[in-house]
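Protein chains: 2
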Amino acid sequence: MYKYSYLKDLSEQVFLKMGANPEDATLAAKVLLSADLRGVDSHGIARLSGYIRLWEASRVNATPKVKIVHETPSTATVDGDAGLGLVVAPQAMQIAIDKAKIAGSGWVSVKNSNHFGIAGYHAMMALENDMIGIAMTNASPLVAPTFSVDRMLGTNPIAVAIPALHQPPFVADFSTTTAANGKLEILQRKNLDAPLGWIQDKDGLTTPDVHALKSGGALLPLGGDREHSSHKGYCLGSIVDIFSAVFSGANYGPWVPPFVSFLPLPENPVGEGIGHFFGAFRIDAFRPADEFKAHMDNWIGAFRNAKTVAGQEKVLIPGDPEREIQAERLAQGIPLLKPVVEDLKALAEKFGMVFEKV
Amino acid sequence: MYKYSYLKDLSEQVFLKMGANPEDATLAAKVLLSADLRGVDSHGIARLSGYIRLWEASRVNATPKVKIVHETPSTATVDGDAGLGLVVAPQAMQIAIDKAKIAGSGWVSVKNSNHFGIAGYHAMMALENDMIGIAMTNASPLVAPTFSVDRMLGTNPIAVAIPALHQPPFVADFSTTTAANGKLEILQRKNLDAPLGWIQDKDGLTTPDVHALKSGGALLPLGGDREHSSHKGYCLGSIVDIFSAVFSGANYGPWVPPFVSFLPLPENPVGEGIGHFFGAFRIDAFRPADEFKAHMDNWIGAFRNAKTVAGQEKVLIPGDPEREIQAERLAQGIPLLKPVVEDLKALAEKFGMVFEKV
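Going down the list, the protein sequences come from chains U and S.
Counted the way my numbering counts, the first sequence spans residues 1 to 358.
Counted the way my numbering counts, the second sequence spans residues 1 to 358.
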């Protein structure tokens, strides 16, 4: 187990060594580690060396000047200046929040960015402002549309955070595929089969082979197959792609650049970097905030107390599992897999630091 | 086959007999018949007598005064005055469009309404304004959250319409369940089994029994089961419910009133009527409209030309199937099932009219 504060400080030091200014380094480390705290291990410190390799490959600008390039009272298009998504995204979300303060809602589409960590972090920024937060991003193509063998979409997640009064907030944060890539990685590591409906092989046939993506396979949109409405997952992933990139002028669909620096950038790009989309609704833009939040408590209470299927302990509210993991990991530390530890040791050494268990 | 214009005129006459003013009657008939044109038979003229029975039960106000009860530059809360959703919804969507003209985006949550036909109609109103349209609604509870046996959510559809330049628009319109109720009704009529993952029985076990809803069963959220991420469908349905009803002050979750007039209204209502939610984005609120639309053409072209799985003719763009059906039905007429014809004959007779095949 590793202490949250130690891993956050280490990440901050690494971002400083990369050349980020202190404010950006602190923010990037906080956003990155929020994934580890919430149990989304695939998006946390395990990716730190990947971000650094992108910088080494000159695909990340360590000192971005994030700027608005187009706006209306409730919308803005933001150029991320090729910065870390971990830094660009919270700045863009803040613009959405600031717009909402005046116009009731705020909407920001971002181009020229990189991987932004977990969508949930950015959506949750709205909560302390008595706002609903929305965050989404496109990602490099791993997902085949219904009826296709080509990878055209990323796992394109959507997060929505909604405040309540005495209840904890409602926080949904999910990829628009049957299974996120992180879940597949867990099975790959253990060499276990995947349930049918998660992956297809190069011919478009559903397969339990967790390594099928290496041989021309693809992840499947939420729904899994046509009979179970995979076209709805395909619609959702497409909407995320269009809001994130066709609005902003980022790359979309098969043109989205990869996270891993050893893969070449797609030829004939249709935009700049990857794209994100953020939204904020002031809850008192619709009704008095206390009234809204009291009804959210009632909504949450009704669902939490719904009768369970035999063998299930309780009906969960979106955000419950992540909040429980966060409390546990803040108290007891964050577990890291051996390859991640090795990777962090090498990374620390590269910058003249030492990574140790504390 | 029945002519579109005949069925629309008949519906208009019926709404006039109900006491609607001419403008509302024309609008309601147009919205209702758009479902038949687009092939969503469960939401079209087959429901006409159902709307009338709601009016006979004093659950629909034939002469509603739709009004804004709360607003900001980019948002509004609308009271539908218990009117037909077919009339309330397009008026509310128009408010969203008008807000977007000035603020860049417009968002309207509606309380005190009724069933609004197909979500796609309302979202598509944005297209002719070079806007993206969004429409959603809650509905009476038929869906069990993941791990629950209780029906807590409706099929809560989401529609998103996005304009292109030379390509037809992207129009997604889907329920947040594995299968919409309309698909189930088709199987019920033919007494065929449903695929596993559509329905659960009263104990929460997945079942092929298409009549399981009559004995305490429920529809399943998009995903079907936990292993295939039904919690994501549950999240989506919940977000639709909260935006439509907790924002506006309508009934939510298990309190949403039924469409059928012979079922009692839920006790201890938490709001007024059912709720909808509408949004409009001006595309030039993010980048010049022609630029956006040219990239949409490129997006659509790339996906339409993606390689297909063997045996599949083409990769579809959301909206393709409905557009093809509409062209066919405008030319050749709309097919009606025998029980629907009988129902319409009785309805016409009730108002001193004759329903005939033309």
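It should be emphasised that the hints constitute simulated quantities derived from the structure, not laboratory data.
Incorrect hints may have been included.
Stated by the list, open to error - In silico DSBU-like links for lysine-lysine, alpha-carbon gap of 30 Å or less:
#, chain 1, residue 1, chain 2, residue 2
1, U, K30, U, K8
2, U, K101, S, K101
3, S, K314, U, K214
4, S, K307, U, K214
Said to hold, decoys possible - Between beta-carbon pairs, the in silico distance windows are:
#, chain 1, residue 1, chain 2, residue 2, range
5, S, E356, U, P254, 28 to 34 Å
6, S, V309, U, L263, 21 to 27 Å
7, S, P339, U, P335, 47 to 53 Å
8, U, Q167, S, P339, 41 to 47 Å
9, S, Q326, U, I186, 53 to 59 Å
10, S, E185, U, D9, 34 to 40 Å
11, S, A294, U, P266, 14 to 20 Å
12, S, P288, U, P266, 49 to 55 Å
13, S, R226, U, P254, 27 to 33 Å
14, U, P254, S, A331, 33 to 39 Å
15, S, E291, U, T63, 24 to 30 Å
16, U, T63, S, A294, 53 to 59 Å
17, S, H166, U, D9, 27 to 33 Å
To be verified - Far from chain S, some chain U residues (derived; all Cβ distances over 10 Å):
#, residue
18, G50
19, S74
20, T146
21, N181
22, M296
23, A310
24, L316
These numbers were taken from a predicted model, which means no experiment stands behind them.
Just so you know, even glycine gets a beta-carbon here, dropped at the ideal spot from N, CA and C.
Kindly confirm whether 49 to 55 Å is satisfied by the beta carbon distance between P288 of chain S and P266 of chain U. Given a distance of about 24 Å, which is not inside 49 to 55 Å, the answer is violated.
Was A310 of chain U rightly flagged as not at the interface, with every chain S Cβ beyond 10 Å? Given a closest Cβ separation of 7 Å, the condition is violated.
Check the hint pairing K307 of chain S with K214 of chain U against an upper bound of 30 Å on the C-alpha distance. Holds, because 18 Å separates the two Cα atoms, which is no more than 30 Å.
Range hint compliance [Cβ, H166 of chain S to D9 of chain U, 27 to 33 Å]: Check failed, 54 Å falls outside 27 to 33 Å.
Measuring Cβ to Cβ, find out whether N181 of chain U lies farther than 10 Å from everything in chain S. About 13 Å separates N181 of chain U from the closest Cβ of chain S, which puts it past 10 Å; holds.
G50 of chain U remote from chain S - nearest C-beta pair above 10 Å: With a cut-off of 10 Å, G50 of chain U remains clear of chain S, as the shortest Cβ separation is near 25 Å.
Closest CB of chain S to the CB of S74 of chain U still more than 10 Å away: 4 Å, violated
Does 41 to 47 Å hold as the CB distance between Q167 of chain U and P339 of chain S, or does it fail? 45 Å, holds
Range hint compliance [Cβ, T63 of chain U to A294 of chain S, 53 to 59 Å]: 33 Å, violated
Holds or violated: is the Cβ of L316 of chain U farther than 10 Å from all Cβ atoms of chain S? 7 Å, violated
For the pair P339 of chain S and P335 of chain U, does the Cβ-Cβ distance stay inside 47 to 53 Å? Since the Cβ atoms of P339 of chain S and P335 of chain U sit about 60 Å apart, the hinted range of 47 to 53 Å is violated.
Return holds or violated for the Cβ distance of V309 of chain S and L263 of chain U against the range 21 to 27 Å. Holds: the Cβ-Cβ distance is about 25 Å, inside 21 to 27 Å.
The earlier numbered hints that this structure contradicts are 5, 7, 9, 10, 12, 16, 17, 19, 20, 22, 23, 24.
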